[in-house]
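J.: Starting from the known structure of chain C, arrange chain E on it as the hints suggest.
Chains C and E are the protein sequences, given in the same order.
The working numbering puts the first sequence at residues 317 to 770.
The working numbering puts the second sequence at residues 317 to 770.
Hints in this document: simulated from the structure, not taken from any laboratory.
Predicted, not measured: the structure shown is a model, and the values here were computed from it.
The C-beta atom is built at its ideal place from N, Cα and C for all residues, glycine as well.
Per the computed footprint, the stretches of chain C lying under chain E, defined by three or more beta-carbons under 8 Å from a beta-carbon of chain E, are: (1) 378-390; (2) 394-403; (3) 423-435; (4) 470-480; (5) 514-523; (6) 733-747.
Some chain C residues flagged as far from chain E (calculated, every beta-carbon gap over 10 Å): (7) Leu416; (8) Asp417; (9) Phe449; (10) Ala539; (11) Ala545; (12) Gly578; (13) Pro634; (14) Arg674; (15) Thr678; (16) His682; (17) Ser688; (18) Thr707; (19) Val718; (20) His719.
Residues from chain E that face chain C, not an exhaustive set, calculated with beta carbons under 7 Å: (21) Asn369; (22) Ser386; (23) Glu387; (24) Gly388; (25) Ala391; (26) Arg395; (27) Ile464; (28) Glu479; (29) Ala480; (30) Gly522; (31) Leu734; (32) Asn746; (33) Glu747; (34) Asn749.
2 protein chains.
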Amino acid sequence: MVDQAGRSGVEGRGRGSQGRYQVVVIGGGFGGLPAARMLGFADVDVVLLDRRNHHLFQPLLYQVATGILSEGQIAAPLRHVLRRHKNVTVELAEVRDIDLDRRVVKANRMFDEPLEVSYDSLIVATGSGQSYFGHDEFAVHAPGMKTIDDALEIRRRIFGALEAAETASSPTETEEWMTMVVVGAGPTGVELAGQIRELAVRSLDGNFRHIDPAQVRVILVDAGNEPLATFGDKLSAHAARFLTGAGVELRMATRVNGVDAGGVDVRGPGGDERITARTVIWAAGVEASPLAGMLAAASGAEVDQAGRIAVQADLTLPGHPEVFVIGDMATLDHLPGVAEVAMQGGIHAARSIMRRRRGEPTGPFHYRDLGSMATLGRFRAVLSVGRLRLTGFPAWLVWAFVHIVTLSTAAGRVGTLLRWAGAMIGHSRNERNFSVGRTGGDVSLPAHDRAAAP
Amino acid sequence: MVDQAGRSGVEGRGRGSQGRYQVVVIGGGFGGLPAARMLGFADVDVVLLDRRNHHLFQPLLYQVATGILSEGQIAAPLRHVLRRHKNVTVELAEVRDIDLDRRVVKANRMFDEPLEVSYDSLIVATGSGQSYFGHDEFAVHAPGMKTIDDALEIRRRIFGALEAAETASSPTETEEWMTMVVVGAGPTGVELAGQIRELAVRSLDGNFRHIDPAQVRVILVDAGNEPLATFGDKLSAHAARFLTGAGVELRMATRVNGVDAGGVDVRGPGGDERITARTVIWAAGVEASPLAGMLAAASGAEVDQAGRIAVQADLTLPGHPEVFVIGDMATLDHLPGVAEVAMQGGIHAARSIMRRRRGEPTGPFHYRDLGSMATLGRFRAVLSVGRLRLTGFPAWLVWAFVHIVTLSTAAGRVGTLLRWAGAMIGHSRNERNFSVGRTGGDVSLPAHDRAAAP
Chain C
317 MVDQAGRSGV EGRGRGSQGR YQVVVIGGGF GGLPAARMLG FADVDVVLLD RRNHHLFQPL
377 LYQVATGILS EGQIAAPLRH VLRRHKNVTV ELAEVRDIDL DRRVVKANRM FDEPLEVSYD
437 SLIVATGSGQ SYFGHDEFAV HAPGMKTIDD ALEIRRRIFG ALEAAETASS PTETEEWMTM
497 VVVGAGPTGV ELAGQIRELA VRSLDGNFRH IDPAQVRVIL VDAGNEPLAT FGDKLSAHAA
557 RFLTGAGVEL RMATRVNGVD AGGVDVRGPG GDERITARTV IWAAGVEASP LAGMLAAASG
617 AEVDQAGRIA VQADLTLPGH PEVFVIGDMA TLDHLPGVAE VAMQGGIHAA RSIMRRRRGE
677 PTGPFHYRDL GSMATLGRFR AVLSVGRLRL TGFPAWLVWA FVHIVTLSTA AGRVGTLLRW
737 AGAMIGHSRN ERNFSVGRTG GDVSLPAHDR AAAP
Chain E
317 MVDQAGRSGV EGRGRGSQGR YQVVVIGGGF GGLPAARMLG FADVDVVLLD RRNHHLFQPL
377 LYQVATGILS EGQIAAPLRH VLRRHKNVTV ELAEVRDIDL DRRVVKANRM FDEPLEVSYD
437 SLIVATGSGQ SYFGHDEFAV HAPGMKTIDD ALEIRRRIFG ALEAAETASS PTETEEWMTM
497 VVVGAGPTGV ELAGQIRELA VRSLDGNFRH IDPAQVRVIL VDAGNEPLAT FGDKLSAHAA
557 RFLTGAGVEL RMATRVNGVD AGGVDVRGPG GDERITARTV IWAAGVEASP LAGMLAAASG
617 AEVDQAGRIA VQADLTLPGH PEVFVIGDMA TLDHLPGVAE VAMQGGIHAA RSIMRRRRGE
677 PTGPFHYRDL GSMATLGRFR AVLSVGRLRL TGFPAWLVWA FVHIVTLSTA AGRVGTLLRW
737 AGAMIGHSRN ERNFSVGRTG GDVSLPAHDR AAAP
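Isolated chain C (complex conformation) (with noise of 0.2 Å):
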């Protein structure tokens, strides 16, 4: 019997306020925010749960890691996105279970006290985490780039190895702060280096009396045979040479064994090898958010090396036409694990509630791959559109503008091409407040502990 729920036999069981259909979101990223401000427009209620209370633009978060910008310029308060839409509640809370049976998602809000939602359908779209594979343990030297407190560690660690680094006590001591090894030459790892470098070369020229911050080694290290790999062979040469000659060493085909306080093992083409580093930045895997192994044991549904989850072609879990489960933590037809697939993976979600509701058949997924884009630094970009290969300053343009239009606030943008123009054009990287001592302080010091180095 096709209800009006829809032709996969989803039962309409009325549990939102007014006893209308619920749909219940959990996680407010790239691909649950698009599907919850779809749904808004929905005759539906929808609530959204997320354990932050903004939406990450997590392309630009290197930005927050490099000073360049703020916070709040890459996060947008979910409350405030959703405010139109009445019939959107946001929840804050984090979610620990999925009762498919029963349709019931069970959370922890504020002061772990229980919250427990019902569903009709429900999106999961609770992303992925950085993955050390298998190796947790470099995590508390090397720390990831995933959200905006990884990012201000790193920023920490960042000013504050230069700030070691001009009262060493020796010019080992110095040698070992100024190296800065980045894991992972993906988009945030090549993006990041080439950020560092010009942290160094220009915002920071003139700020220290006893080093150069412009001898800041920079080595970014790689499995692969290339930096942006995915870019394919014209892009990643062009994003080697660039990087290249912005003083960033690159390290490729080699692995990482090692990572302690000291400095990373790695295993290249020349052999074993020890750098020896005091900052060390891992950009380099992802692993899928702990839900969908959840999810996996529940309904049965495989899931690939990275804990990803085998979707069916239209996104549902196998066997739960009701629970789509989207963007990074899904995997369905190798599709990459960018902002973009998320995207319309929560239109595609949305849509299909939407159609169901009003008996209209669903389809699969189809993804329309609008390219891939990384800055390499200042006013430089590779961009790769179908068969169109752009770099350089029409790359950067474009990358510009597809950033910019995509930040979810108006004041997010103005004020993010601000900071642009200040960091870019002039020099100032004026998100760095740091301290030292005891008493007070407004952040505490890198996590590094200078003792535990060899």
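T.: Frame of chain C; chain E shown alone:
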């Protein structure tokens, strides 16, 4: 004998890098930074010691606490501000002792590494901290408003309280979270109270589904008879009217006897009262930096109730003409503890040192009162300059102009103007990232402990 170092018998001992005269400045705030900048043009070596890497523009701290500005917009990196003064070295270190006889400042750098700096002249400008009038135990429940950390903590509490109110399980609990007490009706307390109401009424409009943020009660408590008492009766009365109209409840002539997780105990004209409130902010008193007491003990100088050193007419430490003590940590002729006094004191000290070096006479410190002002809310301020009293929009224009031009960096100026436009013309308060849960999460929960409340 009057030597090169000037009339006051200070010997030029040549401790600088090329055996030059060395001035040490402790503290890069409103007193120390102008002093270091001015000395940056003189033929002396300058060492500026601060435990923070930034100059903090405290008068706008309340805008960080209420989500309008980011930290970087009111924190100018000292190294950046002073980069062109090659004779100025910034040392990130916390001073722990001053040896007046040997003329040596002892400090701790990062990792607690000791640093000793000799001086020919010394300027001490470490300002003041929050005072709880002997009740330091209040601090955990009622954070102060002196540092960026303080402002971020208050921001978490304000936004966290509204989140908690949204999900509270009883009307009583909702009310407790919707009540906020600000202790102290000086400029900081008045500005904060006004901004919290404005945030609730304008910026958060439509953000919540269960509470109406406009119902937030803000109670402003002060032992004096009126808000902004130092501004005089006319402006105080204006401020009182405006605040009441904006929905701030004034409890004047009211003393705070106790603060705990559930509220404050006060004694007012109507007797003892318990105000139940989960959010309490302390903007009531200041006490001089601990260095003041240290210097007083070492020199025999007197200190007043707030711990400030009674300095000579030329701002020097009694018996130590080579040591200037300026700003909030010094007391002279009942000068107010405002930024302007510190700035003029810093310039006086720097100028005196330069004159002595040239063998010219130096004189006492003359404070030129440029007036005082405070914002009451959107486009509203009060202003007192000489006999002039100004209120409303004209006063706000002057306030905005003065605050914009005195921000230390161009980027800070433009960015701040923009945020004001966003917050005052629009509704944006983007700086409010916040999260719940144990795994990851950008920002910790407010320190309130629900269980600890009565």
